[in-house]
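Chemist: Sequence order for the protein chains is B and V.
The first sequence begins at 10 in the working numbering and counts up by one.
The second sequence begins at 317 in the working numbering and counts up by one.
Derived by calculation from the structure, the hints in this document are not laboratory data.
Given the structure is predicted, the values throughout are model-derived calculations rather than measurements.
Hints may contain errors.
Claimed, not checked - Dumping the calculated DSS-like pairs for lysine-lysine here, alpha-carbon to alpha-carbon at most 25 Å:
1. LYS46(B) - LYS396(V)
2. LYS135(B) - LYS396(V)
3. LYS135(B) - LYS340(V)
4. LYS340(V) - LYS396(V)
5. LYS396(V) - LYS84(B)
6. LYS119(B) - LYS46(B)
7. LYS46(B) - LYS340(V)
As the list claims (entries may be wrong) - One side of the interface only, derived from the structure: several residues of chain B facing chain V at Cβ under 7 Å:
8. PHE15
9. GLY25
10. ILE72
11. LEU75
12. ASN79
13. HIS81
14. MET99
15. LEU110
16. LEU114
Positions of the beta carbon are idealized from the N, C-alpha and C atoms, including for glycine.
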Amino acid sequence: MDNYLFFIVSKFNYWGVMILIMIGIYAIISKQNLIKKIIGMNIFQTAIILFYISIGSKKNASIPILHHLNEHTQKINPDDFVNPLPHVLMLTAIVVSVATLGVALSLAIKIYQQFGTLEENIINNKIAADNNRQSVIDRL
Amino acid sequence: MIWQIDVIILVMVIIIAIGVISIKNLLSVGILFGAYSFMMCLLWAIMGAVDVAFTEASVGAGVSTVFLIAAIFRTSRGSKD
Numbered sequence: 010m011d012n013y014l015f016f017i018v019s020k021f022n023y024w025g026v027m028i029l030i031m032i033g034i035y036a037i038i039s040k041q042n043l044i045k046k047i048i049g050m051n052i053f054q055t056a057i058i059l060f061y062i063s064i065g066s067k068k069n070a071s072i073p074i075l076h077h078l079n080e081h082t083q084k085i086n087p088d089d090f091v092n093p094l095p096h097v098l099m100l101t102a103i104v105v106s107v108a109t110l111g112v113a114l115s116l117a118i119k120i121y122q123q124f125g126t127l128e129e130n131i132i133n134n135k136i137a138a139d140n141n142r143q144s145v146i147d148r149l
Numbered sequence: 317m318i319w320q321i322d323v324i325i326l327v328m329v330i331i332i333a334i335g336v337i338s339i340k341n342l343l344s345v346g347i348l349f350g351a352y353s354f355m356m357c358l359l360w361a362i363m364g365a366v367d368v369a370f371t372e373a374s375v376g377a378g379v380s381t382v383f384l385i386a387a388i389f390r391t392s393r394g395s396k397d
C-alpha cells in the first residue's frame with residue numbers, strides 16, 4: 010500500500026499532464042464554440058510538451074549549460090545536468106503549435122464571414138437548410 | 317527542480333485551464349489563456365528547460381494572445397457554453 014502511495018505521489022507531474030490532456034479533449038469534443046475548440050487543442054499541445062519536459066528533468070540537476078566540473082571527480086558528470094534533447098524537440102513543437110493556432114483562427118474567421126456565427130450546432134443547421142433548399146431547387 | 321513550487325504552479329495551471337474552457341466571454345478567455353501560457357512557461361523554467369521557457373513566453377504568451385484577441389475582435393465576443 011505504501012509502495013502504491015509513493016508511486017502515485019512521486020509521479021505528480023504526469024498526473025497533471027493527464028488532467029490537462031483530459032481537459033483539452035473535453036473542450037475539443039463537447040464545446041460548441043469554435044474558439045473554445047481551438048483553445049482546447051492548444052491546451053492539449055502544451056500538455057504534451059509538459060510531458061516531454063518532465064521526461065527530461067531529474068533530481069538535483071541544473072540547467073544544461075556547462076559551467077562547472079564535478080567537485081569530487083573534476084570531470085563533467087551528466088547527472089548534474091538535465092537532459093536537453095527533449096527541450097530541443099519541444100522547441101519545434103511550440104512553433105508548430107503557434108502555426109496551427111494561426112491557421113485555425115483564420116479558418117474560424119472565414120467561417121464567421123460565411124455563416125455569421127461561431128456556434129457549431131447553428132452552423133450545422135444552416136448547412137442542412139442550404140442543402141435542403143438546393144435539393145428542392147434541383148427537383149424543380 | 318524545487319518540487320514545492322512545481323506542485324503549486326501545476327495546480328494553478330490546472331485551475332486556469334478549467335477556467336479557460338468554462339468562461340463564456342471570449343475576450344476573457346483570450347486573456348486567461350495568456351495567463352495559462354505564462355504559468356506553463358514558469359513551470360518549464362523551474363524544471364530547467366530555460367530555452368523552451370523563453371520561447372513559450374515570447375511565442376505562446378505573446379503572439380498567441382495577440383492572434384486570439386485579433387480573431388475575437390473580427391468575430392463575435394460571446395459564447396453560449
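Chemist: Determine for every hint whether it applies to the structure shown.
Modeler: Each hint tested on the structure:
1. Pair hint LYS46(B) plus LYS396(V) holds up; C-alpha atoms about 13 Å apart against a cutoff of 25 Å.
2. Taking the CA atoms of LYS135(B) and LYS396(V), the gap is about 17 Å. The hint holds against a cut of 25 Å.
3. With a C-alpha separation of about 23 Å, the suggested pairing of LYS135(B) with LYS340(V) holds against the 25 Å cut-off.
4. Note on LYS340(V) and LYS396(V): the hinted pairing holds, with a Cα-Cα distance of about 7 Å set against a maximum of 25 Å.
5. For the hint linking LYS396(V) to LYS84(B), the alpha-carbon distance of about 61 Å lies beyond 25 Å, and the restraint is violated.
6. Straight-line distance between C-alpha atoms of LYS119(B) and LYS46(B) comes to about 16 Å, which keeps the hinted pair within the 25 Å bound.
7. With a C-alpha separation of about 13 Å, the suggested pair LYS46(B) and LYS340(V) falls inside the 25 Å cut-off, and the hint holds.
8. Interface restraint check for PHE15(B): the shortest CB-CB distance to chain V comes to about 14 Å, outside 7 Å, so the restraint is violated.
9. A distance limit of 7 Å between C-beta atoms decides the matter here; for GLY25(B) the minimum to chain V is near 4 Å, and the interface restraint holds.
10. For ILE72(B), the interface hint holds, since its Cβ comes within 7 Å of a Cβ in chain V; the closest pair sits about 5 Å apart.
11. For LEU75(B), the interface hint is violated, since its Cβ never comes within 7 Å of a Cβ in chain V; the closest pair sits about 14 Å apart.
12. Contact between ASN79(B) and chain V, as hinted, is not supported at the beta carbon level, the nearest pair being about 17 Å apart and thus beyond 7 Å.
13. The closest approach between the C-beta of HIS81(B) and any C-beta of chain V is roughly 22 Å, which is over the 7 Å cut-off, so the hint fails.
14. Here the hint on MET99(B) is kept, as its CB sits about 5 Å from the closest CB of chain V, short of 7 Å.
15. For the restraint placing LEU110(B) at the interface with chain V, the shortest Cβ-Cβ distance is roughly 6 Å, inside the 7 Å limit, so the hint holds.
16. A distance limit of 7 Å between C-beta atoms decides the matter here; for LEU114(B) the minimum to chain V is near 4 Å, and the interface restraint holds.
Violated hints, in rising order: 5, 8, 11, 12, 13; the structure is consistent with all others.
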